[in-house]
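Student: Letter by letter, the chains look like this.
Protein chains: 2
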Amino acid sequence: MTAPFPTPKTDESQRLLSPEELEAALRDIGARRYHNLHPFHRLLHDGKLNKDQVRAWALNRYYYQAMIPVKDAAVLARMTDASLRRVWRQRIVDHDGDAPGDGGIERWLKLAEGVGFRRDYVESTQGILSATRFSVDAYVHFVKERSLLEAIASSLTEMFSPTIISERVAGMLKNYDFITKDTLAYFDKRLTQAPRDADFAIAYVKQHATTPELQRQAMDALTFKCNVLWTQLDALYFSYVAPGMTPPDAWIPGTGLVAEVAQAVGTGTIRSGDVPRLPRGVRLRHDEVRGQHVLLAPERTFDLDANAVAVLSLVDGQRSVRDIAGKLAETFAADRDVIEVDVLAMLNDLATKRVLER
Amino acid sequence: MTAPFPTPKTDESQRLLSPEELEAALRDIGARRYHNLHPFHRLLHDGKLNKDQVRAWALNRYYYQAMIPVKDAAVLARMTDASLRRVWRQRIVDHDGDAPGDGGIERWLKLAEGVGFRRDYVESTQGILSATRFSVDAYVHFVKERSLLEAIASSLTEMFSPTIISERVAGMLKNYDFITKDTLAYFDKRLTQAPRDADFAIAYVKQHATTPELQRQAMDALTFKCNVLWTQLDALYFSYVAPGMTPPDAWIPGTGLVAEVAQAVGTGTIRSGDVPRLPRGVRLRHDEVRGQHVLLAPERTFDLDANAVAVLSLVDGQRSVRDIAGKLAETFAADRDVIEVDVLAMLNDLATKRVLER
Chain A
1 MTAPFPTPKT DESQRLLSPE ELEAALRDIG ARRYHNLHPF HRLLHDGKLN
51 KDQVRAWALN RYYYQAMIPV KDAAVLARMT DASLRRVWRQ RIVDHDGDAP
101 GDGGIERWLK LAEGVGFRRD YVESTQGILS ATRFSVDAYV HFVKERSLLE
151 AIASSLTEMF SPTIISERVA GMLKNYDFIT KDTLAYFDKR LTQAPRDADF
201 AIAYVKQHAT TPELQRQAMD ALTFKCNVLW TQLDALYFSY VAPGMTPPDA
251 WIPGTGLVAE VAQAVGTGTI RSGDVPRLPR GVRLRHDEVR GQHVLLAPER
301 TFDLDANAVA VLSLVDGQRS VRDIAGKLAE TFAADRDVIE VDVLAMLNDL
351 ATKRVLER
Chain B
1 MTAPFPTPKT DESQRLLSPE ELEAALRDIG ARRYHNLHPF HRLLHDGKLN
51 KDQVRAWALN RYYYQAMIPV KDAAVLARMT DASLRRVWRQ RIVDHDGDAP
101 GDGGIERWLK LAEGVGFRRD YVESTQGILS ATRFSVDAYV HFVKERSLLE
151 AIASSLTEMF SPTIISERVA GMLKNYDFIT KDTLAYFDKR LTQAPRDADF
201 AIAYVKQHAT TPELQRQAMD ALTFKCNVLW TQLDALYFSY VAPGMTPPDA
251 WIPGTGLVAE VAQAVGTGTI RSGDVPRLPR GVRLRHDEVR GQHVLLAPER
301 TFDLDANAVA VLSLVDGQRS VRDIAGKLAE TFAADRDVIE VDVLAMLNDL
351 ATKRVLER
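Note that the protein sequences, when read in sequence, are chains A and B. Under UniProt numbering, the residues of the first sequence are numbered 1 to 358, in order. Under UniProt numbering, the residues of the second sequence are numbered 1 to 358, in order.
Just chain A, with the same shape it has in the complex (with noise of 0.2 Å):
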């Protein structure tokens, strides 16, 4: 992706905006940047990543969910002004909840409880990026060390959640079949939390940007915010997509699961680089009277749809994951990334059934 969002122009960051053009040019930001339109989420959203990628995006986001109330206090503490106070401290009271069980950080877990995970693997946070970690730091440092208009005009971004939250919901809950509506709480609750704290913010920036450099500074801010989002997923992205280099020490699929569901995975996460065989005993044949193909395996038989079989007939015990899509990419005339994903997903599905190994 090169550069697909052109950068403001500098003669227009010399003059003072309304108030109401303060406010397009912040949403022009949002339209052009925010990570609604990063990669990953569309695959997130299209049902494109298996089940151990939206693991992996559920474990580092916590880590982001962790933090937004340590950020919110750190803007409240740079607060002087109890009205300002009373207002934001709503943001902490969300996200911590009034007793334990309760809040946002508690349905992120309920999340990540959703997809597999130990709470307590989740909460230690040792398996995320680092980064995650330096991302997420980033912005909790920027709201300490900028002034109380970046601050705030950082949080903007809740402008534009919305959107992608019911495109997230719909989008899961249709092609993830291990996502339930009681996974997805978390996001219930934000679309009617996210305006609201969004409201007071542009309010907030449109009446205190009163300068051109103060605009241009609220503009920044959110521009910055937006990037503490995007390198979070281009990081998911390289570690769980592709090319798939998990740094040292980050989360590897079959990892902090509650027991049952790590031995139902086993030993069948296949990645990008692996060679995925057939296991002894299992074979890719034609049924001649049914005149489709099935995979035999011991005392079971699959039903194969043409995708399955236009990947298995590739199964060879030499190609790799990588190979086998690269194959069918130039087959079919697409995008390689775009179609490994799909193997991936197809592959894990087979090797939890075990009649595929690496």
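Honestly, I wouldn't trust all of these hints.
If chains are identical, the list can't say which one is meant, so a pair holds when it fits in one copy or spans any two.
Claimed, not checked - Here are the simulated lysine to any residue pairs, SDA-like style, with alpha carbons at most 25 Å apart:
hint	residue 1	residue 2
1	Lys144	Tyr64
2	Lys327	Asn307
3	Lys327	Asp274
4	Lys48	Ala198
5	Lys327	Pro243
6	Lys327	Asp342
7	Lys189	Leu76
8	Lys353	His293
Calculated directly from the structure, the hints in this document are not laboratory data.
Place chain B on chain A using the hints.
Tutor: Leaving out everything else, chain B in the frame of chain A:
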């Protein structure tokens, strides 16, 4: 790369190590986690990157270099002992020099200029990846927020730098015709400075990490610093090698260069997703008399080696660079990503000679 580094055993962390065991444990972290092991460095040192990928490295790494004295000043500000400060301040002198035009930052700017950048563009840091900024800033914040022992221990990656520097300088001089000994002058100085600094730091850590908990903190600090270096290379790889998804506002080849270099590159900068083609009037021909393939351009002829012929015979104005690399990877049963780097280097070289375009 799936976790090539086993994590240290937890029971080991309970026992007080002797100073020699502690040093061995710290060196072991480097042996498993230092960024000489990162695939991006292997490509860099083996001459597998094209000029623009080397530029991306030089540009981003500038931010790290520029922030090192800021980091060291923050460490200095933690030291209440003049004898410690007298030693540590030398690091700031080394990087900032005694006069304009002197010091490590200046030598890194010369390196960046040596690969074609405008000095003001590099100094602005406007083209660096957000992941670079967040990683480097994480280092600065770490030494401000953690104990002095942890701050000093985090600098211990310098124990491992002489090896990587020797390897890098030899590899880059041998493999890149655009790299000269002058360009790499930064590293000459570091060959003597880094061991001196590392000797002091390891002695301090061995003396002051006197409980299992403090020893664990020192090891974690060094691991953290390895992550700071590693995530920077992850981001470079993601943005400029594969999948080549450059984030918004990050440097794009052809920008920030001195005029004549930018002109020489012209429109010739070809990236993974681009579809290369021969410009009007340029043809691939087999010279029957000389028994070899040539590229015929108006008033010029280029002899082609077997690799160039293999690549150019796949340039049809339809296939992207990625497609071409995929085809070749299949033909030669090699890794597509590795081949793609070679193909990009070759195509960009031809583009610079104006016998290829996109």
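Student: Compare the structure with each hint and give your call.
Tutor: We went through each hint and held it up to the structure:
no., hint, verdict
1, Lys144 / Tyr64, "both (17 Å within a copy, 22 Å between copies)"
2, Lys327 / Asn307, "both (13 Å within a copy, 22 Å between copies)"
3, Lys327 / Asp274, "both (15 Å within a copy, 20 Å between copies)"
4, Lys48 / Ala198, "neither (31 Å within a copy, 47 Å between copies)"
5, Lys327 / Pro243, "both (17 Å within a copy, 18 Å between copies)"
6, Lys327 / Asp342, "both (14 Å within a copy, 20 Å between copies)"
7, Lys189 / Leu76, "within (22 Å within a copy, 47 Å between copies)"
8, Lys353 / His293, "within (17 Å within a copy, 52 Å between copies)"
Hint compliance for this structure: hint 4 is the single one not met.
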